[in-house]
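Please work from the sequences and hints to get the whole structure.
Heads up: the sequence lines are chains A and B, in that order. Using our numbering, the first residue of the first sequence is number 29, and each one after it goes up by one. Using our numbering, the first residue of the second sequence is number 32, and each one after it goes up by one.
Watch out, some of these pointers could steer you wrong.
The calculated lysine-lysine pairs, modelled on DSS-like cross-linking and capped at a C-alpha distance of 27 Å, are [stated by the list, open to error]: (1) B:K145 <-> B:K171; (2) A:K86 <-> B:K145; (3) B:K171 <-> A:K86; (4) A:K86 <-> A:K57; (5) A:K141 <-> A:K201; (6) B:K145 <-> A:K141.
Over 10 Å on every C-beta distance to chain A, these chain B residues come out as not near it, computed from the model [what the hints assert, rightly or not]: (7) I94; (8) S142; (9) K171.
Simulated from the structure, these hints should not be mistaken for laboratory data. We treat Cβ as the ideally placed atom computed from N, Cα and C, and that holds for glycine.
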Amino acid sequence: MSGLAHYFEGAGIATTLISLIRDHTMRMKSPRGLAVPFELGRPFGAPNEPDFQRRVLKSALDLLERMDGPVLEDFPDTPPGPPADMEGWSCPVNLAPPPAELSEGAQLAADLKAEIGLLSPWYAQSVAASGGRKLTGQLDLAPDAIAEFLAASLGDPLPDSPVADLPIHRALKLSSDELKFSTSRPPWPGRERSPMWRWAIGSTVKHWPVRSISSSPPSSKRRKSRP
Amino acid sequence: MHLHEMPDAARGALINQELPEFEPTPCAPGPALAERRIAIITTAGLHRSNDAPFTPGVGEYRIIPSDIDMDDLVMSHVSTNFDRTGFIQDLNLVFPIERLAELEAAGDIGSVAKYHYAFMGATPPTAMAAVAADLAANLKEDGVDGLILAGV
Numbered sequence: 029m030s031g032l033a034h035y036f037e038g039a040g041i042a043t044t045l046i047s048l049i050r051d052h053t054m055r056m057k058s059p060r061g062l063a064v065p066f067e068l069g070r071p072f073g074a075p076n077e078p079d080f081q082r083r084v085l086k087s088a089l090d091l092l093e094r095m096d097g098p099v100l101e102d103f104p105d106t107p108p109g110p111p112a113d114m115e116g117w118s119c120p121v122n123l124a125p126p127p128a129e130l131s132e133g134a135q136l137a138a139d140l141k142a143e144i145g146l147l148s149p150w151y152a153q154s155v156a157a158s159g160g161r162k163l164t165g166q167l168d169l170a171p172d173a174i175a176e177f178l179a180a181s182l183g184d185p186l187p188d189s190p191v192a193d194l195p196i197h198r199a200l201k202l203s204s205d206e207l208k209f210s211t212s213r214p215p216w217p218g219r220e221r222s223p224m225w226r227w228a229i230g231s232t233v234k235h236w237p238v239r240s241i242s243s244s245p246p247s248s249k250r251r252k253s254r255p
Numbered sequence: 032m033h034l035h036e037m038p039d040a041a042r043g044a045l046i047n048q049e050l051p052e053f054e055p056t057p058c059a060p061g062p063a064l065a066e067r068r069i070a071i072i073t074t075a076g077l078h079r080s081n082d083a084p085f086t087p088g089v090g091e092y093r094i095i096p097s098d099i100d101m102d103d104l105v106m107s108h109v110s111t112n113f114d115r116t117g118f119i120q121d122l123n124l125v126f127p128i129e130r131l132a133e134l135e136a137a138g139d140i141g142s143v144a145k146y147h148y149a150f151m152g153a154t155p156p157t158a159m160a161a162v163a164a165d166l167a168a169n170l171k172e173d174g175v176d177g178l179i180l181a182g183v
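Dropping the structure here:
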């Protein structure tokens with residue numbers, strides 16, 4: 029990000045940036061920056077907090093008039109609302125005892141699918157409340173299909189990536205994010221949702237064997253080259 | 032995740048990673064903020080759901096016109112350092128397009144640019160140098176004289 033600031037500024041367009049890693053911005057001598065004490069991934073503080081977001085944005089834009097760069101100012105406030113990720117996991121459902129003797133992996137896969145199924149009303153509620161916003165992101169699969177993929181990831185060999193051109197390791201990260209979100213209750217008005225790791229989802233991620241995963245997508249799923 | 036919540040080794044590796052060296056770039060002049068036309072540059076790897084996903088490390092960008100359905104934007108930047116649950120709830124957390132429009136309506140900025148642009152994070156800056164020069168010409172044609180840059 030700081031490199032882009034130098035390139036644009038050098039081309040004659042004034043820049044200001046939000047800095048989540050103050051040391052990097054300082055070392056790279058960005059022309060103008062606002063260092064913010066927020067979580068990584070959250071440059072404007074907190075979701076659904078328009079007043080706070082606007083204040084962060086305005087504070088950064090105010091620096092555009094400064095000509096004494098490199099400028100690095102500190103935004104003083106932490107975002108409102110609860111922490112984005114609460115400690116620990118939650119166990120929101122009682123899972124039925126196994127119908128038969130299953131291997132650990134097979135049991136976990138069954139628990140995962142059961143958990144996603146039991147929590148599916150939260151996802152339906154989120155879709156209804158989203159006003160059309162896309163909730164499944166780049167993966168673009170329904171939660172039960174994501175659960176199938178995650179369950180298959182406990183096996184060896186790993187399944188194919190469910191999306192063409194999306195490497196398997198990225199598909200695994202995206203799928204765990206999607207499930208973490210989609211199994212959480214929609215927030216009460218004016219409050220942030222606090223997604224938590226559900227038991228079976230978290231356990232699945234924790235049980236992924238350490239494997240060497242190629243970053244190349246399976247050749248059978250690769251799209252034709254674009255011109 | 033906050034930097035201070037990361038394990039020491041991971042935090043140290045992130046903060047102390049090797050970075051390219053830049054000399055200070057002279058600040059470009061411009062009018063008062065209330066007269067500036069502002070565009071957003073994000074490195075969150077945002078793109079329309081039907082756009083081709085980013086190829087990590089290449090330095091390419093995606094165009095985000097101001098008048099598209101912003102609900103269609105997806106984020107293909109993936110990192111173990113953050114999750115996307117905040118972005119899923121509110122696009123403005125990483126791409127403050129509605130906040131920018133509010134500042135325009137309040138007279139705090141002059142106007143909102145017609146086009147905004149997204150890069151992929153964790154890309155070596157030098158890989159973005161050539162396209163940034165090309166992009167600067169596009170921005171000037173749009174009348175942009177102020178950029179807000181935000182990564183994740």
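We went through each hint and held it up to the structure:
1. Taking the CA atoms of K145 of chain B and K171 of chain B, the gap is near 11 Å; set against the 27 Å cutoff, the hint holds.
2. Between K86 of chain A and K145 of chain B, the direct Cα distance comes to roughly 19 Å. Compliance with the 27 Å bound is thereby established for this hinted pair.
3. Taken as a hint, the K171 of chain B and K86 of chain A pair is honoured in the structure, with Cα atoms around 22 Å apart against an allowance of 27 Å.
4. The hinted pair formed by K86 of chain A and K57 of chain A meets the criterion: a straight-line CA distance of about 21 Å does not exceed 27 Å.
5. At most 27 Å may separate the alpha-carbon atoms for a hinted pair to count; K141 of chain A and K201 of chain A meet this at roughly 18 Å.
6. For the proposed pair K145 of chain B and K141 of chain A, the alpha carbon gap of about 45 Å is over 27 Å, so the pair is violated.
7. No beta-carbon of chain A is positioned within 10 Å of the beta-carbon of I94 of chain B; the least distance is around 15 Å.
8. Once the 10 Å rule is applied to beta carbons, S142 of chain B is consistent with being away from chain A; the minimum gap is 13 Å.
9. Non-interface status of K171 of chain B relative to chain A is broken: a Cβ of that chain comes within 10 Å, the nearest being about 7 Å off.
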